[in-house]
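S.K.: Residue numbers (the working numbering), protein chains in the order written: chain A, 1 to 377; chain B, 1001 to 1377.
Just so you know, not all the hints are guaranteed correct.
[To be verified] The calculated lysine-lysine pairs, modelled on DSSO-like cross-linking and capped at a C-alpha distance of 30 Å, are:
1. B/1015 <-> A/373
2. B/1128 <-> A/126
3. A/344 <-> B/1128
4. B/1023 <-> A/15
5. A/208 <-> A/126
6. A/373 <-> A/338
7. B/1126 <-> A/344
8. B/1208 <-> A/126
9. B/1208 <-> B/1128
10. B/1128 <-> B/1373
11. B/1373 <-> A/373
12. B/1126 <-> A/15
13. A/128 <-> B/1004
14. A/128 <-> B/1128
15. B/1373 <-> A/15
16. A/338 <-> A/4
17. A/219 <-> A/208
18. A/15 <-> A/128
19. B/1004 <-> B/1015
20. B/1208 <-> B/1004
[Claimed, not checked] Computed footprint of chain A on chain B; a stretch qualifies when at least three of its residues, placed anywhere within it, have a C-beta under 8 Å from a C-beta of chain A:
21. 1205-1219
22. 1361-1371
Hints listed in this document are in silico derivations from the structure and should not be mistaken for laboratory results.
All values reported here derive from a predicted model rather than from experimental measurement.
Beta carbons: idealized from backbone N, C-alpha and C, even for Gly.
2 protein chains.
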Amino acid sequence: MTSKIDRFLSEQTLKTPYLVVDKDIVRRNYRAFRDRLPLAEIFYAVKANPAPEILNLLHEEGASFDAASLPEIEMCLATGATPDRIAYGNVIKKSADIAQAYAHGVRLYAFDSQVELAKLAAEAPKSKVFCRISVEGAGADWPLSRKFGCDLDMAVDLMATAQDCGLNPHGISFHVGSQQRNLEQWDLAIGRAALVFSDLRGRGIELKMLNIGGGVPVKYRGNGVPDVAQATDSIMSALTRHFGNDLPAIATEPGRIICADAGVLETEVVLISQKSYDDATRWVYLDVGKFSGLAETMDEAIRYPISTDYDGSPEGPVVLAGPTCDGADILYENSDYKLPLELKTGDRVRLLNTGAYTTTYASVGFNGIAPLKSYYI
Amino acid sequence: MTSKIDRFLSEQTLKTPYLVVDKDIVRRNYRAFRDRLPLAEIFYAVKANPAPEILNLLHEEGASFDAASLPEIEMCLATGATPDRIAYGNVIKKSADIAQAYAHGVRLYAFDSQVELAKLAAEAPKSKVFCRISVEGAGADWPLSRKFGCDLDMAVDLMATAQDCGLNPHGISFHVGSQQRNLEQWDLAIGRAALVFSDLRGRGIELKMLNIGGGVPVKYRGNGVPDVAQATDSIMSALTRHFGNDLPAIATEPGRIICADAGVLETEVVLISQKSYDDATRWVYLDVGKFSGLAETMDEAIRYPISTDYDGSPEGPVVLAGPTCDGADILYENSDYKLPLELKTGDRVRLLNTGAYTTTYASVGFNGIAPLKSYYI
């Protein structure tokens, strides 16, 4: 909670639910991250929060952009960002979308497979390409699974092929998984990337760039989350350990760490109930749920801190759920959430650190419920 | 696949992904269900697919409507349905929404808690109310969890309270869980409801209605799914077993069974790739995923049948995933999906039985991807 958000919430009588984002915090986060990784080109992960207000602010700050799709590229261009500051970072792209991105002037593309490379050779000739390698990602709260990246052997061959088919074999990327708490994962990943650099050097190809992805964790609820300084220190040590003095250009794709703690989601308690006389568990139903912005509560992966007007007063255990008729729309049943005993139906409840990965996840209208509104102040 | 959908798909050159729904199948499903349960008033579960084309068609057929929210009530009214044919079936409602529904003329409300009852007494005086009891729901592919319903003792007390506070204690409801394969669950639930009826009779309150919810399963992929005739036969037997000749009015809330098999989702293969030389698994990435309509693939709960232009030719195992940069956007990794070996990037793939619980689950724009388009023919 910032004083600006506090004032906004107290002065407004808007219908809940809605997200308020303090742009000053976004700016502060961006600058802090940039200052901690001065060597890196920061490609903001647009998918974390693509609000024009945030993209414009980051454009003013000099950020580059990591776009997941053609529409995201076009949102970045709309800020005035030049195409040389935009990477098309999704390894799954339609040929037509690559062609359109190329027509817009984008010349930096991710891939992790033979077929994608062939599309890039056809639709984005001479562009810089970077191959995403797979990493384990253990320790991430929102892991990236096996969906992305290829093995090192394959990456080496693909980069050699990239050169053969008229593309510019620019670099290697990885992603340790979103909300990664285990800082050693960057060391492992950077070590793997360094192997690809040296293998390719042996084949006469000098890579220029290492993209270390995102994954620096935000402090949600609970402990054991390293702070940005610890994370970036680990990353810098690992870079030095594996690349020595011969550092490539470094790119990074922060999203969550830029926006999450700038946002507060204001909601209302629609109902508090018990299921039986034998079970005192309070079920607290909010007017926002898994299908209206809180998709990252899937498997209770991301656990938002919660604030009410009764903070500090006696608390008791609750199950938190959303407002739809869907049984899967439970936010937290197994994460030991407690809320004040005084809390009652109609009260406001604030979900903190909700500035990233909320608004765009909201459904178009499941159960007739409108998408999450948001305000950037 | 119906011949109408086949023709539509072959004649159109629309950009994928999109859903096509054959309204004739919706009508056929509605009539078949009505004919199998002639005693029941059918409240279509609007949330399954609230497209105006479907609501209008079901209105013409004489259906009533189960609405999950005020906007869904207003969609039903827009078809010309009179408010006496609309139930506000969500047990989690804001007071202001109840007041507005009441102003619209709605006089039938679900609840399962003391607090909700108090809201109804204040905002919807003299309305018919029905209390949702909890049932186990074992055997459902998309279970309703503990989120809804209260214990029998509490239900009895709440219905007595309803009478005391000027509401009309109309009936009892339950829901055995969506896509329920175990037909005995209806017997268990109807037996529990009958206990509430007789307890309340002992307290001088004669309930009028039993709402047996939804849950009749659709045949997706795999076997062991009873058909509609088997399900409705089981339901009718259970009603007779527990209520004898003294049947209350029966209400039911089908959604999935009305719409699912009327829809085909046309998608395109964006990429087929392997992750390493050692692992021959083909990753097939479609242009639709968990965040653009296929939310029910969560935990691989709902497994859609898939059709391609190569059906019948040799197949091999695949992992199916969506187009976003999100590691959770995997559709099927553990459900032994196989697709033709000839399938290649750019080919069309059709997900069958996708007419329910798809369009409205789509996100407003995660990764910059537009919501799922749909056509009703």
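S.K.: Next, verify each hint and record whether it holds.
M.R.: Each hint, compared with the structure:
no., hint, result
1, B/1015 <-> A/373, "29 Å, holds"
2, B/1128 <-> A/126, "70 Å, violated"
3, A/344 <-> B/1128, "25 Å, holds"
4, B/1023 <-> A/15, "37 Å, violated"
5, A/208 <-> A/126, "15 Å, holds"
6, A/373 <-> A/338, "27 Å, holds"
7, B/1126 <-> A/344, "25 Å, holds"
8, B/1208 <-> A/126, "74 Å, violated"
9, B/1208 <-> B/1128, "10 Å, holds"
10, B/1128 <-> B/1373, "38 Å, violated"
11, B/1373 <-> A/373, "22 Å, holds"
12, B/1126 <-> A/15, "28 Å, holds"
13, A/128 <-> B/1004, "46 Å, violated"
14, A/128 <-> B/1128, "67 Å, violated"
15, B/1373 <-> A/15, "29 Å, holds"
16, A/338 <-> A/4, "27 Å, holds"
17, A/219 <-> A/208, "33 Å, violated"
18, A/15 <-> A/128, "47 Å, violated"
19, B/1004 <-> B/1015, "19 Å, holds"
20, B/1208 <-> B/1004, "43 Å, violated"
21, 1205-1219, "violated (count 0)"
22, 1361-1371, "holds (count 11)"
Checked against the numbered hints given earlier, this structure breaks hints 2, 4, 8, 10, 13, 14, 17, 18, 20, 21; the rest are met.
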